[in-house]
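Chemist: Chains as they are written, first to last, in the working numbering: chain A, 1 to 467; chain B, 1001 to 1467.
Derived from the structure by calculation, the hints contain no laboratory data. Just to be clear, a hint being listed does not mean it is correct.
[Stated by the list, open to error] Heads up, incomplete: computed chain B residues facing chain A, CB under 10 Å, no partners named: (1) Val1209; (2) Leu1210; (3) Val1286; (4) Leu1314; (5) Gly1339; (6) Cys1340; (7) Lys1415.
[To be verified] Taking CB as the label site, the calculated pair distances span: (8) Arg1431/B to Gly451/A: 56 to 62 Å; (9) Ser225/A to Leu1358/B: 35 to 41 Å; (10) Ile1318/B to Leu229/A: 24 to 30 Å; (11) Val1346/B to Glu58/A: 57 to 63 Å; (12) Asp408/A to Pro1353/B: 48 to 54 Å.
[Unchecked claim] With the C-beta cut set under 8 Å, the calculated list includes, among others, these residues of chain A facing chain B: (13) Leu315; (14) Ala316; (15) Leu371; (16) Gly374.
Note that the Cβ used here is the ideal one computed from N, Cα and C, for glycine as well.
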Amino acid sequence: MSRPSLVIPLLVGGFFGAVAAQTAVKDTDFFWHLATGQQTLAGGLARTDVFSWTVFGERILTDQWLGDVMIALAYAVGSWSGVIAVRALAVAAVVALTLGAALHARPGRPLIAVLASLPAIALSHYAWTDRPELFGYAMFAAMVWLVRLGQRGSGLALAATIPLLAIWSNLHGSSALGVGVVTAVCLERAISVPSFRSRAALLILGALAATLVTPSGIGIWTSSSGHFLAPPRFIQEEGVPDLRSEPGLLFAVTLGLVLTTALLGRGGGLADAAILVPVAFVSLTATRHLPFFAIAAAPFLAADGVDALGSALRLAGLRIPVLAANVSGSAPRAADFGALVASGLILAAGVAIAPRAPDVSSFPQAALATLPPGPGLLNRYEWGGFLIWYAPATPVFVDGRLFPYVGDTLDDYRSVIGLHPDWREVLARRGIRAVLVGPSDAIAVRAADLGWPVLVRTEKYVLLRVP
Amino acid sequence: MKGSTIAAVLFAVIAAGFALLAPVSDPDIFWHLASGDWMLDHAQLLDRDVFSFTRTGVSYHTGEWLGEIMLALAFRAGDWLGLELLRAACVGIGTFFAARATLRIQPHVGWAALPILGGILVARTVWGDRPQLFTVALFPIVFDLLLGARISESPRRLALLPPIFLLWANLHAAFAAGLVLVAIFVIESGLVRVRATRAPLLVALVLSVLATSANPAGPGAIAAGFGYASSSGAYVVEEGPLDELSGAGIVVAAMLLGSLTIALVLGLEGITRRLGAPLLWAGLIVPFGFLGFAIQRHAILACVVLAPFVAAGLPAAIGRPARTAPLVPRSASAVILAGCVLLLGVAAATVAPRSPNLAAYPEGALAALAARPGHLLNEYDWGGFLVRNAPEHPVFVDGRGATLFLPDVLADFDKAVGLGPGYRGILDRWRIDLVLLRPERPLAVALREDGWAVLGETARWVLLARR
């Protein structure tokens, strides 16, 4: 097997990493990830909540602890620029690994590989934010490349998926998808190559065991199964994928290209099905999962897309030349090293001109000075992380960590924000002293009716004292 | 008679039997019935609003005038049972032709049964008593006609398409999906130069498009039909995207991803050998798979189109030989058909419900409403029920949402019931004296606290009156 050139993947990855660096830090969940990572660095891994007053002291998930620590380390080293640098690196990794796998599938045809990777780049750009989720995409892109190599006969590549899964499981809960892909690929190989069966069993067991080498142990599957099988639909990115939205259309185009390529392709693609079908199923479960399919599809589209187009044209009576893979397209290691250096320079340049401060315009910044210290504040869900970082003296009611709050706390939150019939009872029972909500939230409108004292008011938020 | 035809009849009887068992309960049936009754009573088309006080006299077209008259005639002829029989007839006809189309490609009933039964399960989500029932019947008829003409290269049956579209365009706006279907067959026949069907298909498409112009909205009905297909699900749940993790979603995903697996395994040659017309399948599966996931009410259309491919492709993918349909003696066929008719007759006479299921509606509020004049702000889903059962109170809004009430009235409705800023202004502007809402609506909570009189309430509804 010839070693493909890494020049194009590295350079294109560096370019998109630099592009990703041009957005300021502003993700709603970023701040609680940063606070959690910083807390872990300072005092070890916390297994109970210390940021809220509603679930204080209760067990929390630790499934992303390494991702949080990486974000906190980046911040400790380089402040906001450090965070952006990590984001740029992760995006560069997603793009380079996706493109690398595509180029490996169609050696020496970089333009085809780039075209096949465009859906993945376009779809993943919605997730170019500062969360461990981005590391999950990079891990998945690496996984796709490894299992593709494994399908071509590389036992080492398949074995490498196990340490990859061990790292991934500590970075982000999406590692469950990786286990699924390894299992499907091993099962397909076991069917196609009977002598592979015992190795397949070992690999599947190894993949499962790798996910347990985390502080969460078997609890890692609580988060993963929650996100994949019963996504919390009230969170935008966990919603049903709308194929008429921009990311939905991109996904639909990708799925359409894959279907058409398969229908007009060479057949015998059970190995492709082992990767593409389970990933397509997972991608269709929630909007945030859409990029996985595009990443997985890139090598398939690169390998078979042009041939399928040729078949379609031949069916229509047109004659086109067969575009074979250019196996002489490999480059010397020196060229790869040069591309790595150039990519690093592009990334560094991108980070150098990146915004130096976070964009907190969508957060209630002006309310910080007026927040009452201690328990008693009911805040909007999406501002919880911001308050954890910027107002540590005021514990939150709820924040983007979601799972600790599922049940009574989220129900009570909805009752007050949405003015349900029991809202007054919840206020009294919880001892809520102030609410920080949007001016158009029902509770804010009702509070105005009732003449509650307004502590801070802007177009985006209002801080009210409960009489 | 061919065994596959007998099998299609049996599938149709199963589906029609299930359709007979459900009582009338669709929230839109009531305003459709009221519209049909109005047209029959006045012997003229209903082209302006006569049911609401927010849009009185405003002209509109639902594109379903004939469908509404058919529903009203069925009700006049047989009361609620008449509607159930009409529903069962549409479901039975649709299932028969969907099954026949599948059995054309896969004559083995065992392999065909799985996707056909899956389609019936998905179709249950659109068995509400609305004009869309006619699409449930007509879309499979058109698909079966086209498939029959293309496979057997006998275009004579295509002459039926223009009259079908003439009828369909006046029954229900989703006829646009049928035109897309014909266009796909036209393009495929043109591309691969199928001499027998190329010109007849093109003529049939042109005549069908012209036929759809023969309706009260003229050529604008086509644009309205496509607009309807692309309308967002912001207000109407069934026009939103299909949730893969729902019952119907799992079936559609299984069929779409099953198609992908089959295509990957068989490839162009395998599909050509076993199913024929590979470009046609690519043209059908991609757009209708997209449509099924983009708009959940169209999931059934995706199932109808995907079923033949799955039924024939699955056994081919696992190496099972192709089968031909057995012939059933005429006497046996007659006995089976007579048995089916008898079975449905017994079901209609004994187990079909004789009254609607009104558990979801504020039936108990009708008496209090009748005794209290004034403008009523009502729950969206109950508008149709009130149009028919409380005609003395013109509604604020009803199921004609996107056709009649966008954007102003629905925006006011959302803001008022959600207690948005300015809700009091909306209540005053529309001079609202009565409010009939679900008790958990923020407006209901606020108005109760403000002293509006409670004229009646249950766990499902509350009727409030301004003092």
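Chemist: Against which earlier hints does the structure fall short, listed by number upward?
Modeler: Of the numbered hints given earlier, those the structure breaks are 1, 2, 4, 5, 6, 8, 12, 15 and 16, listed in rising order.
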